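Construct the entire structure; sequences and hints are all you get.
FYI, the numbering for the sequence shown is 0 to 206, going by numbering that gives the first Met the number 0.
If you are wondering where the hints come from, they were derived from the structure by calculation, not from laboratory data.
Please read these numbers as outputs of a predicted model, since none were measured by experiment.
Accuracy of the hints is not assured; some may be wrong.
What the hints assert, rightly or not - Below, computed lysine-lysine pairings styled on DSSO-like, alpha-carbon distance capped at 30 angstroms: (1) 63 x 139; (2) 42 x 189; (3) 96 x 189.
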Amino acid sequence: MKNRKELVEEAIRLDKEIKERTAKLNEVKAHLQAEGLREMENKNLRFFQIFSESGSCEIGYKQKLEIDNYSRLVGVLGSIVTEKVTKKEEVKYDPDKKFKDALIVLYLGDYEDCDLEKLLLSDLGVSDDKQRKMLLKKLKGEYAADSRLLKSAGVTAPAEEELDAIRRQRNYELVTRFFDIEKVDKEELKKAIFVEDSLSLGLTYEK
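Following this line, the structure appears as structure tokens:
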């Protein structure tokens, strides 16, 4: 059993090591984030994945939604707001998760009506009808999960642009579930809510 002096020495050594390694990790993450952002801007993507032998790094945008003017939001989107948004005691508005996600997508204009069946058949070469129907049901619009699903179905290297098209289509389905997008005044919407769009980075590996 180590004595108290030795334990203090070990604690100091470990603390220094953790701080040094944390600083180095943050430096490496910053480089990865810069690389990912460069690719995303060049290809007009909102998510990018870098693979290695040990795992992968995911770079993407994360959003924070704030409702600045509840009455104006009701005026823009109608009674669905009163059904889907909870007014808390401290006058903080808390939308349902799906409705919140749809609001963010609508605010950012991050959606597109894409023909996923054509994309699977023509661009990704999924010729089997049953497999294509299965993929249409299971594709979520989540880059990493969709990439794994497509690879498991024999699509060897789905491109970022194709994965992004799937994500934008799922976003389109989400936003049209709640809103008639042709009738929404986007400028008025942007006066009612604010979406903070920031870059995030994650690492995926076997623990």
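Violated constraints from the hint list, given by number and in increasing order:
none
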